[in-house]
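Chains F and V, in that order, are what the protein sequence lines are.
Take 149 as the starting number for the first sequence in the numbering used here and just add one per residue.
Take 5 as the starting number for the second sequence in the numbering used here and just add one per residue.
Just so you know, these hints were derived from the structure itself, not from any lab.
Heads up, a few of these hints could be off.
Which bits of chain V does chain F cover? Going by a derived footprint, with three or more residues having C-beta under 8 Å, they are [claimed, not checked]:
id: 1; segment: 25-39
id: 2; segment: 97-103
To list a few chain F residues with every Cβ distance to chain V over 12 Å, as calculated [as the list claims (entries may be wrong)]:
id: 3; residue: F180
id: 4; residue: K193
id: 5; residue: G247
id: 6; residue: F254
id: 7; residue: P257
id: 8; residue: V270
id: 9; residue: E282
id: 10; residue: E306
id: 11; residue: V308
id: 12; residue: V327
id: 13; residue: I348
id: 14; residue: I364
Just so it is clear, CB atoms sit at the ideal spot from N, CA and C, and this is done for glycine as well.
Chain residues, written in single-letter form:
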Amino acid sequence: MHGGHGSDILFHIFGLPVTSYVTTMWAIMGVFLIVSIIVTRRLNKVPGRLQNLVEFTVEGLLNFFGGILGPEKARRYFPLLATFFLFILFSNWSGILPGAGHVKGFRPPTSTLSVTAGLAIVAFFATQIAGVRERGLKYLKHFIEPIPIFLPMTLIEEFVKPLSLSLRLYGNIFGEETVIAVLFSLAPYFSPIPMQLMAILFGFIQALVFTTLTAIYIATATAEGH
Amino acid sequence: MELNMFDLIWAIINFLVILAILYRLFYKPVLRFMDSRRDEIARNISEAEEARTEAAALLNEYREKLAGAEQEAQEIVARATKAGEEARLNLLEAGRDEAATLLEKARAEIQQERDEALRALRQEVATLAVMAAEKILARTVTKEDHTRLVEQFLNEVGEVH
Chain F
149 MHGGHGSDIL FHIFGLPVTS YVTTMWAIMG VFLIVSIIVT RRLNKVPGRL
199 QNLVEFTVEG LLNFFGGILG PEKARRYFPL LATFFLFILF SNWSGILPGA
249 GHVKGFRPPT STLSVTAGLA IVAFFATQIA GVRERGLKYL KHFIEPIPIF
299 LPMTLIEEFV KPLSLSLRLY GNIFGEETVI AVLFSLAPYF SPIPMQLMAI
349 LFGFIQALVF TTLTAIYIAT ATAEGH
Chain V
5 MELNMFDLIW AIINFLVILA ILYRLFYKPV LRFMDSRRDE IARNISEAEE
55 ARTEAAALLN EYREKLAGAE QEAQEIVARA TKAGEEARLN LLEAGRDEAA
105 TLLEKARAEI QQERDEALRA LRQEVATLAV MAAEKILART VTKEDHTRLV
155 EQFLNEVGEV H
């Protein structure tokens, strides 16, 4: 139930300890890899059921990001944002499966602050890189605007973004997972089902919130005439 | 709520790895495929539009041609009808003339025939009369009477002519 990090080490790779969070991430990555290969192996002009679902998802995400970033930038940052969304979504949903958090090697990755912080750090750097790439020095100048004294505040503003991203995601998913785990331990067969159904929705919403906020941060950083 | 640095590092590594994998194996091919299909559909639509415009133009052109041809045909028929009428009238005229000529000729021929027949008849009658008179006179008339009568008869015949 508790994070229980240190005690969870399964083995080491290149001196890096591998925990159940990491193996679960790998499992999700494996699923993504397999689905990618299956889908792109044969793309039909008239899509089948799986291809339809994939196209629907891609099209939907592209339109959604387009609403925030505009079509051109949405296209440019689509891989980053879509990966955030899909990776977080399936991490969240992995917590709905029975055994999550109990079975060795299976813990929903987004239920630990360590992973959400890692993702938020990626989002942070992606935002800064996007800002510099799109606007160059003008982007860096906005840290000392309207007057240089504001520098500490604009920096804090920038660093608070990943902090809020990681805490929000971690808190929500950890909370859900905890509730489901408790219900599961109390009455394993039926009591967790309503909560699991809720968790499907919340897992989706949290993935969307993280991704949407990242998109907004990128949109703000890359916007001309800020 | 402790922060495990290794999990954090793994999260970053894993995210970048899956981003790279999805970019190569998923986003790029899927987006390219969807783009190419969209382009193809757009191209097909514009091509269909073009073909339709072209067809409409062609239809118009043919309609105009057809109308022109119809008018021309009517003109030709009218001209032909007129020419036919003229030819008919000419033929009729010529026929009438020819008929008149033939009639005239026939009449003249008939007249000639009649005259000839009449002359022949008259000659025949004269010959017969002479022969009859000869026979009668041979029995009753003297040589002098005979001569006188012939002269008288000849005079009479000459008077008729």
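- So which hints don't hold here, by number, going up? Violated hints: 2, 3, 4, 7, 8; rest satisfied.
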